[in-house]
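*Asks:* The lines below spell out each chain.
2 protein chains.
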Amino acid sequence: MTHPLFDKHRATLDGALNAIATRGYWSPYPEMPSPKVYGETAHDLGKAAVQALFGGRFALDQPGQSDWVASDRSPYGIRLDVQYPVCDAEALLSAAEHALPAWQKLGVDGRTGMCLEMLERLNKASFEIAHAVMLTTGQGWMMAFQAGGPHAQDRGLEALAYAYREMRFVPGVARWEKPQGRNPPLVMEKRFEVIGRGVALVIGCSTFPTWNTYPGLFAALVTGNPVIVKPHPWSVLPAAITVRIIRTVLAENGIDPNLVTLAAVDKPETTQLLATHSKVKSIDFTGGSTFGHWLLTQARAHAPDRQVYAELSGVNNVVIESTDNYKGMLRNLAFTLSLYSGQMCTTTKAILVPAAGIETDLGPKSFDEVAHDLGTAIEKFLADQATACAVLGAIQAPETLQRMAEASKLATVVLASKKLVHPDFPHAEVHTPIVLKTDATHEGVYMQERFGPISTVVAVPGDAAALAALSERIVREHGALTVGVYSKHAAFIDAMTEATQRAGVALSINLTGAVFVNQSAAFSDYHATGANPAANASYADSAFVANRFRVVQRRVHV
Amino acid sequence: MTHPLFDKHRATLDGALNAIATRGYWSPYPEMPSPKVYGETAHDLGKAAVQALFGGRFALDQPGQSDWVASDRSPYGIRLDVQYPVCDAEALLSAAEHALPAWQKLGVDGRTGMCLEMLERLNKASFEIAHAVMLTTGQGWMMAFQAGGPHAQDRGLEALAYAYREMRFVPGVARWEKPQGRNPPLVMEKRFEVIGRGVALVIGCSTFPTWNTYPGLFAALVTGNPVIVKPHPWSVLPAAITVRIIRTVLAENGIDPNLVTLAAVDKPETTQLLATHSKVKSIDFTGGSTFGHWLLTQARAHAPDRQVYAELSGVNNVVIESTDNYKGMLRNLAFTLSLYSGQMCTTTKAILVPAAGIETDLGPKSFDEVAHDLGTAIEKFLADQATACAVLGAIQAPETLQRMAEASKLATVVLASKKLVHPDFPHAEVHTPIVLKTDATHEGVYMQERFGPISTVVAVPGDAAALAALSERIVREHGALTVGVYSKHAAFIDAMTEATQRAGVALSINLTGAVFVNQSAAFSDYHATGANPAANASYADSAFVANRFRVVQRRVHV
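Chains as they are written, first to last, in the working numbering: chain F, 12 to 569; chain C, 12 to 569.
It is possible that part of the hints are untrue.
Just so you know, same-sequence chains aren't split out, so a pair can sit in one copy or run between any two.
Subject to a maximum C-alpha distance of 25 angstroms in a straight line, what follows is the list of computed BS3-like cross-link-like pairs (lysine-lysine) [to be verified]:
hint : residue 1 : residue 2
1    : 420       : 19
2    : 338       : 278
3    : 135       : 376
4    : 19        : 290
5    : 58        : 420
6    : 135       : 189
7    : 47        : 420
8    : 189       : 47
9    : 290       : 116
10   : 278       : 420
11   : 189       : 391
12   : 19        : 278
13   : 58        : 499
14   : 338       : 391
15   : 499       : 376
16   : 58        : 338
Note that these hints are calculated values from the structure, not bench results. Since the structure is predicted, the reported quantities are computational estimates derived from the model, not experimental observations.
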């Protein structure tokens, strides 16, 4: 007995199952915002749909509503003023539990089919979601479309595929027949039910409100758990649109939509109440280390059965030992450091260079030359104002602007930040990146995250082993999602391979073309390893899904 | 590139992989201590091998040894006085980390092959291990052989098979080729490495020193982690023999044997030091709730990345609503309550019966009749002294004897305990079970574990729904590994199915033959669900293994 939506989306599921097994390139959701794919009017309709929401009430018909709150904040300097329902946490939790039995009864295939339908609807709403992501996060348009739309959907589908694979391993029924010598065998029929753990709380981040939310959301949902989506107060809109689409699909298919709700909160206490509530059995979180550690310790202190999947901060680093493509390397790094003004959890923060300089295809380069040339490469890349605005986007948080102002006092400035004027958004906070340089002893300068467009070129004394050792120590002590290496020498790449395996971080080797260390492709690149302090989980792997459900069996003689 | 031991044991692995997928009956390790299977001399040699250890030093050549400790305690009233090395915890941890790189380098197949070899060697030592289990735990001989030998090996193999399946999903290498319209595609080669998390601490329990130790031990080991086995001080010998065999296999195959060590401790502080040490990345534990909760909270408080897999205590219950095989039911329950004197984490503690009595194939039976007939069934089953001693074994802990003495003052005694004299061990603590009866309002009597041969027949007022509701509440509040139901009515079995799925506990239906609610068969029955307070993990499922390793990738253009 299967489900019509499961049959409808079977090919997508099979594609995803194959992709996570082979980890080659694959996606069912086109990443180009092409009129040919999404329709000639999709862009304008999506933009208009978002603009139509400005200043209005975003009704969701959720229980326990007491108020409205408008907390979105656009780094592009415009007012959204969309008002979201403020609902009583207890009411959301009770409604979630009330909606659960029917969702449970749907079974693995039914839940999977319905989640696949949700993802398809989200894909169709990519332009609307992309505009919402762009305006609330400060991402440039193309990035907001790709990362906020199809790539986020990919990550949701990836998590769903992992979950489906694990759930499918559990046979629905088994015949157990144990020989008894000359006597008749003992025979039992055993039935196995996949059950969720209980309400899942998915806490979104301000910079990637869909990409970092969909994996936990779909992993929890498909494994049989109700989900409360708690977006960052500054970027509620993309989450609200997502939740509305999901609730529509649920209602259309006879499931109580309160299975998935939006918790737009007007005070931090509500989030803490949810995170520590006995009904909340899992928490997905992306964001700063302070709240993340509170979740990992305090929110679990009195509920040892509460699962927490957390992506925190880290100090991503790139090690430049040598290169046979100096210009390609600089261009590649310039793009990485510029993209979305470095406001990605994967952006390089420290660039480790031998104090004695490096060998390149353009001859030896001193440490100061490397630092200087990197600054120049960024300057050149961002010379065209329109390109610069499109790539940089806007600075999302006032704290980031403050960090940038302070950074320039920390060390020698290789490249200073300039404020740019955005052609479409005159009040947007657009700023070019800052590059500092220092020597390795000044750990206070480069050995912390400094979220935003601030990076430091670090002069590392000693031999190549010292370079690898410093990179490894940074990852072990401060965590990292990405490490890059540039080297002409196989032995050094091997050393970095071993160092990153010991430290538990992904390594990108000699990126000089159109792939960047801060990009991770769903179905192929594991995002975070869960093996260093930057994150305790990965998008996506078996560990991300396997403990979101349990198996309950019953057995009877036949 | 595979490994000779992987090839050697490939068929066993394939059998296990098939078994966990189909969950029918399967085992590669014969459970009957038959001379035809294990050899004519196996029994005598195994017994002699254990006796030869008495009073001697069990050398393991581990680092940091400062002393010897003899802490085994035999419920059969004999002195073992085997002395084990006391080693400095830091020395064991450092040695474990030192041994790790070569184990990591062996790769998934190599580690799997070597673990399969260890299991085969353990199987060959089943008689020796069984005698060690029997003498230290008080289990009867047959149970000690089966549960301590082949069934424990089955559970180790099962965990290994789950781990292998999950690790094998990670492709060693992938080619990622992303189309770029009319331009050449982006092409990368990506390599994925399965890496362990770090030192695993496996804390054994006093009653099942191998069965409850092998799953965590082999799950951790095969996924690339060093393991420190910390047995209960009273049943060190089975763990010591196990560790010695594993170390022998490691050394024979060129791996530093300090990858797996025995932590025989002479004070509880050593266990706490190990459990909170920053180098310890996972803990497997079976035992009491007090220490278990300390592990789940305190041992994780400052190390949120530390995984804890804990099986604690619970209040297993059986619900008798009606039966069409009254005698079969009573015989079945009598065996369950007698086996190993109820010293199993799966033994029934509360038997819920309608206060108004039940329908049976022998006519209606009042509550008091059911309680009385159960007592009589146990008495009859244990009438033959030799059978009784073989089934009951000995009472493992003085605390259990004390609980038994106190229990008789708690409620009406249906069946009093008698002390028996064991034919072979005159000083053995052999005692028949106690059965109490009370009504449902006296929750203090039946709603706690009371480990040992103490069970309570509970008179539940109201209808069938009240019966199911009480069973569900017991599981939700106190946890359980097993629930049983007897009923002639499909509707009530459905109600119990739903109740146990909500509460997250396995259900056995109408057991009246040779399968018992307290037995769980590897590869087929999930032992614990991880979904109620009795345990946060299960033997074995994907969640038991998937987070014991992480994946580290590297990528480069090709």
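*Asks:* Evaluate residue 19 and residue 290 at a C-alpha cut-off of 25 angstroms and name the case that applies: within, between, both or neither.
*Replies:* This pair counts as neither: shortest intra-copy Cα distance 34 angstroms, inter-copy 49 angstroms.
*Asks:* For the identical chains here, do residue 58 and residue 338 meet the 25 angstroms Cα criterion within one copy, between copies, both, or neither?
*Replies:* neither (38 angstroms within a copy, 74 angstroms between copies)
*Asks:* Is the C-alpha distance from residue 189 to residue 391 at most 25 angstroms within one copy, between copies, in both cases, or in neither?
*Replies:* Close neither inside one copy (74 angstroms) nor across copies (27 angstroms); limit 25 angstroms.
*Asks:* Could you figure out if residue 420 and residue 19 sit no more than 25 angstroms apart (CA to CA) within one copy, between two copies, both or neither?
*Replies:* This pair counts as neither: shortest intra-copy Cα distance 59 angstroms, inter-copy 64 angstroms.
*Asks:* When no copy is named, should residue 290 and residue 116 be tagged within, between, both, or neither for a Cα gap of at most 25 angstroms?
*Replies:* This pair counts as within: shortest intra-copy Cα distance 20 angstroms, inter-copy 43 angstroms.
*Asks:* At most 25 angstroms between C-alpha atoms: does residue 278 with residue 420 qualify within a copy, between copies, both, or neither?
*Replies:* neither (34 angstroms within a copy, 54 angstroms between copies)
*Asks:* Within a copy, between copies, both or neither: which one fits residue 58 and residue 499 at a CA-CA cutoff of 25 angstroms?
*Replies:* neither (47 angstroms within a copy, 63 angstroms between copies)
*Asks:* Between residue 19 and residue 278, at a C-alpha cutoff of 25 angstroms, which is it: within one copy, between copies, both, or neither?
*Replies:* For residue 19 and residue 278, the Cα distance exceeds 25 angstroms both inside one copy (42 angstroms) and across copies (62 angstroms).
*Asks:* Between residue 47 and residue 420, at a C-alpha cutoff of 25 angstroms, which is it: within one copy, between copies, both, or neither?
*Replies:* Classified as neither: same-chain Cα gap 50 angstroms, cross-chain 82 angstroms, threshold 25 angstroms.
*Asks:* With 25 angstroms as the alpha-carbon cut-off, assign the pair residue 135 and residue 189 to within, between, both or neither.
*Replies:* between (53 angstroms within a copy, 23 angstroms between copies)
*Asks:* Is it within, between, both, or neither for residue 338 and residue 391, if the alpha carbons may be no more than 25 angstroms apart?
*Replies:* The answer is within: 12 angstroms in one copy meets 25 angstroms, while 89 angstroms across copies does not.
*Asks:* What label fits residue 338 with residue 278 when the C-alpha limit is 25 angstroms: within, between, both, or neither?
*Replies:* neither (49 angstroms within a copy, 63 angstroms between copies)
Violated hints, listed in ascending order, are 1, 2, 3, 4, 5, 7, 10, 11, 12, 13 and 16; each of the other numbered hints is respected by the structure.
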